[in-house]
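Participant: Single-letter residue listing:
2 protein chains.
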Amino acid sequence: MRPGSSSKLLFTPGPLTTSATVKEAMLRDLGSRDREFIGVVRAIRERLLAIGGAAHGGDYECVLMQGSGTFAIESVISSAIPHNSRLLVLVNGAYGRRIVEMARIHAIEIDVLETPENQKISPRAVAEHLAAAAGITHVAVIHCETTTGIVNPVEEIGAVVAGAGAVFIVDAMSSFGAIPIDLNKGRIDFLISSANKCIEGVPGFGFVLARREALLGAKGQARTLSLDLHAQWAGLERDGQFRFTPPTHALLAYHQALMEHEAEGGVSGRAARYARNHEILAEGMAALGFEPYLSREDQSYIITTYRYPAASWFSFQELYSRLSELGFVIYPGKLSQEACFRIGTIGQLCAKDIENLLAAIHGVIGQMKQRCVQEV
Amino acid sequence: MRPGSSSKLLFTPGPLTTSATVKEAMLRDLGSRDREFIGVVRAIRERLLAIGGAAHGGDYECVLMQGSGTFAIESVISSAIPHNSRLLVLVNGAYGRRIVEMARIHAIEIDVLETPENQKISPRAVAEHLAAAAGITHVAVIHCETTTGIVNPVEEIGAVVAGAGAVFIVDAMSSFGAIPIDLNKGRIDFLISSANKCIEGVPGFGFVLARREALLGAKGQARTLSLDLHAQWAGLERDGQFRFTPPTHALLAYHQALMEHEAEGGVSGRAARYARNHEILAEGMAALGFEPYLSREDQSYIITTYRYPAASWFSFQELYSRLSELGFVIYPGKLSQEACFRIGTIGQLCAKDIENLLAAIHGVIGQMKQRCVQEV
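Going down the list, the protein sequences come from chains E and R. Sequential numbering from 0 applies to the first sequence in numbering that gives the first Met the number 0. Sequential numbering from 0 applies to the second sequence in numbering that gives the first Met the number 0.
Possibly wrong hints are sitting among the right ones.
Copies of one chain are not kept apart here, so a pair can be met inside one copy or by any two copies together.
[Unchecked claim] In silico EDC-like pairs for lysine to aspartate or glutamate, Cα to Cα no more than 20 Å straight-line:
id	residue 1	residue 2
1	Lys-184	Glu-354
2	Lys-184	Glu-45
3	Lys-368	Glu-324
4	Lys-333	Asp-33
5	Lys-333	Asp-238
6	Lys-218	Glu-100
7	Lys-184	Glu-374
8	Lys-333	Glu-290
9	Lys-333	Glu-317
These are computed hints drawn from the structure, not numbers from a lab.
With the hints as constraints, model all of the structure from the sequences given.
Facilitator: Structure, rendered in structure tokens:
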């Protein structure tokens, strides 16, 4: 644990470890109609558009939505897809399946194109599906599937979707701000992410970067009040205020987090640190005998999935608890078929933190192995 | 402004001024699956039940829901009211109308019993409506209508609703924790409030205190994924975790806020401070010539509505801005018919803060009047 901090280091997909200055930005109470607060909200919306390569005044708009990232995704699914539409969901993990579940609840007609969890979604397979299945109006995909850490080829898929004249929805929850993504190049209509991911804010809201034309088309067709994407945007545009109470402290933290993201060199600066974190982790875990679930070329620097060692000494619960006691929080697996665990390399973590984690894992598994020998 | 704080004092219905210690509780990053965090969530849920007079293990359950208070209300309206139901909404302000709007979006059949905004809802009128209109299965009311600050007689209405065999839904957003309310005595099935109100936490989530039997009846009938009240509860019960990322920092703050609420003497202690705040405000505003919108016996100590003075020197925008510059944030009106503004007396405010606000108002309106004379 770092000196002066009572926080553990979080090697998870979020909530993440954030900087002290991001958290300290929450030591104020601002009114939700306060002029300064309205300025903070405006600055956040403009900066997010810029990170997506769509400067303010261009073709895109930014909508902030209270709740977790899932709430922001549901705001798109339940607002932007009219009745009599057909949504193709590209699935290679739990987050793709979550969109399927959401669409079913809203009685949206769906097609599912499923790819094994250890493979990227193939743009060619998407093209073939779109050619074979008539009437698909919307396509949804996960950019970085946090289930495994795999990154799907969003720009190539976007070209295929645009070619078919469909609306393209991208869940970029765990990638936005750290893996380059260009709204225009990706032909993206709706991109969704949340506060507590690679921009390194605290949880409390998500956001949607929407092509203005597609967003305007969502007017009056939302299936809820709270998650009405167009009404939320219209409110923010009208007077800069949220329709319903915003998480003021989380927004102050995010404003600070965006400044720190920019100071680190924006997406490329952050990508460089995370990539270095991942390299150190991959090398160290290999040396400790852990086998990654994904092949090297498919693995992102966001989060890495490791198979449980097929050895009698290994217990994930024990590894997790002992590491947690030492101040390092790792993450359970979410695969539908295999027993795995995950280690995130995003958040306010640097090379030294990864090295310390590796040393702790080395120590804990050493003890686990030794005790196993003694017991036998 | 208080020394050492860069926050303004908020005389609003929330987000409110919170204590330094509540905000400082956010200076940690906890993982959402962390054992300590799960303990914090459990303690919050138990304490909220106790404040509602329903100890853990009794007939009630506590469900926390991400987002603003409106999200928590929509989780009840969209989860707990089956198809083929009929909802009676008792309306004497904007928050009652919001429930009507929500129910319309979810295609729930509704009756509206409207009472003028300056009058309490009459339990007798409710009884007459229930007797005359067949088939009403659910009744919703606002406890303290923040539109005006009026408090509706929830226990008396609850007896009438129970007598008619209907489910009783109470929006206690701005009253819970400061105006006594007993779930059992009020025959309440669902009570909703949020984090940034009288418990004095920061915004980021709301909560529902639900009669277990009514909550179990909501299983499988939610109209959304994110706002599925029963699934959210089942997740919290299963492993103590939220289904989707919780606002970890806001929950840490709330845990601290609940301890401070208890230390102040719980609901009665907090009520005493807020009532004193209100008395000082009412006396001071009367001395300054401001006329309250509600009659004295209908006025709560939560928030007070004042009519715009019918005088050429008065400009609410100017009063608001000048007070804000001095560190005091007041609140605009929300009445459908009259030009009013509001001053809240809840949050981490004491007698001295109200006196300072009154002195500031005195100064600002003095200057406004003087300038008006000079211009004439």
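Participant: Going through the earlier hints one by one, which of them does the structure break, listed in rising order?
Facilitator: 1, 7
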